[in-house]
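FYI, our numbering numbers position 61 of the sequence shown as 61, with every residue one higher than the one before it.
Simulated from the structure, these hints should not be mistaken for lab results.
Ideal Cβ placement from N, Cα and C applies to all residues, glycine included.
Among the hints, a few may not be true.
[Stated by the list, open to error] Computed spacing ranges between beta-carbons, pair by pair: (1) Asp15 with Arg89: 29 to 37 Å; (2) Glu13 with Arg89: 34 to 42 Å; (3) Glu12 with Glu41: 30 to 38 Å; (4) Asp9 with Ser45: 32 to 40 Å; (5) Glu84 with Leu7: 32 to 40 Å.
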Amino acid sequence: MDFVSILWDLDEEADGNVQHVAEHGLTKDEVDSVLLNPNNEVDESHSSGLPATFGWTGTGRHIIVIWENVLDDPKTVYPVTAYEVPPRRS
Numbered sequence: 001m002d003f004v005s006i007l008w009d010l011d012e013e014a015d016g017n018v019q020h021v022a023e024h025g026l027t028k029d030e031v032d033s034v035l036l037n038p039n040n041e042v043d044e045s046h047s048s049g050l051p052a053t054f055g056w057t058g059t060g061r062h063i064i065v066i067w068e069n070v071l072d073d074p075k076t077v078y079p080v081t082a083y084e085v086p087p088r089r090s
C-alpha cells in the first residue's frame, strides 16, 4: 500500500503516538520506514481490527505498525502503535 502522508502528534504530547511508539523503543523514522515501503505486508490487527503493516526497519528490527486510515486522497494514515515482533512465517 502506498502512503503519501503519515500523521504524527507533537513529540512532547504525553498521550500522543510519538510517545507511544517510544515506549516500545521505536522512533518515528523506524515506523515511517515500514509504513512507506510498499512491499511490506498489510494485514489486520487481531486485537483492534485496525490495519497492521509488518516490516523491517532500517535498524534491522522487525516490527508491526497498527494504524488508522485518515484520508484516502491523498492517502494519509495515523500510526496508533508499533512494536517489535518476530518475522511471520510464509
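Here is what the structure says about each hint:
Against the hinted window of 29 to 37 Å, the Cβ-Cβ separation of Asp15 and Arg89 comes to about 35 Å, which satisfies the hint. As the Cβ distance of Glu13 to Arg89 is approximately 37 Å, the hint placing it in 34 to 42 Å holds. Checking the proposed 30 to 38 Å range against Glu12 and Glu41 shows it holds: the Cβ atoms sit about 33 Å from each other. A hinted range of 32 to 40 Å for the beta carbons of Asp9 and Ser45 is inconsistent with their spacing of about 20 Å.
Here the CB-CB span from Glu84 to Leu7 is close to 22 Å, at odds with the stated 32 to 40 Å.
Hints 4 and 5 from the earlier list are contradicted by this structure; the remaining hints agree with it.
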